[in-house]
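Protein chains in written order, with my numbering: chain B, 4 to 101; chain R, 4 to 101.
I should point out that these hints are in silico values taken from the structure, not numbers from a laboratory.
Note that CB positions come from ideal geometry on N, CA and C, so glycine has one too.
There may be inaccurate statements among the hints.
[Said to hold, decoys possible] Derived DEER-like restraints, expressed as beta-carbon distance ranges:
#, chain 1, residue 1, chain 2, residue 2, range
1, R, R37, B, E49, 17 to 23 Å
2, B, N60, R, K7, 22 to 28 Å
3, R, K35, B, S15, 35 to 41 Å
There are 2 protein chains.
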Amino acid sequence: MKGKLTEEEIVSGLEKLQGWSREADGKWIVKKYRFSDYLAGIAFVERAARIAELELNHHPMISIDYKLVTLRLTSWHAGGLTALDFEAAARFDEVWNG
Amino acid sequence: MKGKLTEEEIVSGLEKLQGWSREADGKWIVKKYRFSDYLAGIAFVERAARIAELELNHHPMISIDYKLVTLRLTSWHAGGLTALDFEAAARFDEVWNG
């Protein structure tokens, strides 16, 4: 489950998600979440970070540009994307969907 | 107080802070805060964000790369750095120092 995914697996994984795309070099998946309230975005970050630390042990790169929160995922140990990145993406979307 | 600072004022402002520096284009000041615990970094972000929203009405760009939290400040309306950026930097350091 923790090996680097094939191209086919990545394409298939992205089809099952909404709003996630690959970054240019192909080693990351990224999603931008927009909030109408700044502190709602911060609360989302806090919840996603707890899940990253306590459930997944897998941490997204997070950037907060006012009401726009960007999450980026990769698996350093594998040098690319693994099943864990897609599992994490789905979990963060669950948090976002409330 | 909200006008763009002169070079001299920026140099003087940076001398009064610890760990803040200018980014290459000179329009931003930046500091990287390192934490020994991931969720401690997230708690810092949460506290800094509340101050940004509720006290300062001035929001840093925030990036979270595991236990490394980076804050970047600029004043869009002034096209550069203003006194508010330095006030915000000092407040975030207060939060960080506990």
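Against the range 17 to 23 Å, how does the distance between the Cβ atoms of R37/R and E49/B compare: consistent or not?
19 Å, holds
Hint says 35 to 41 Å; check whether the CB-CB distance for K35/R and S15/B agrees.
37 Å, holds
Range first: 22 to 28 Å. Now tell me if the beta carbons of N60/B and K7/R are that far apart.
45 Å, violated
Of the numbered hints given earlier, the model fails hint 2 alone.
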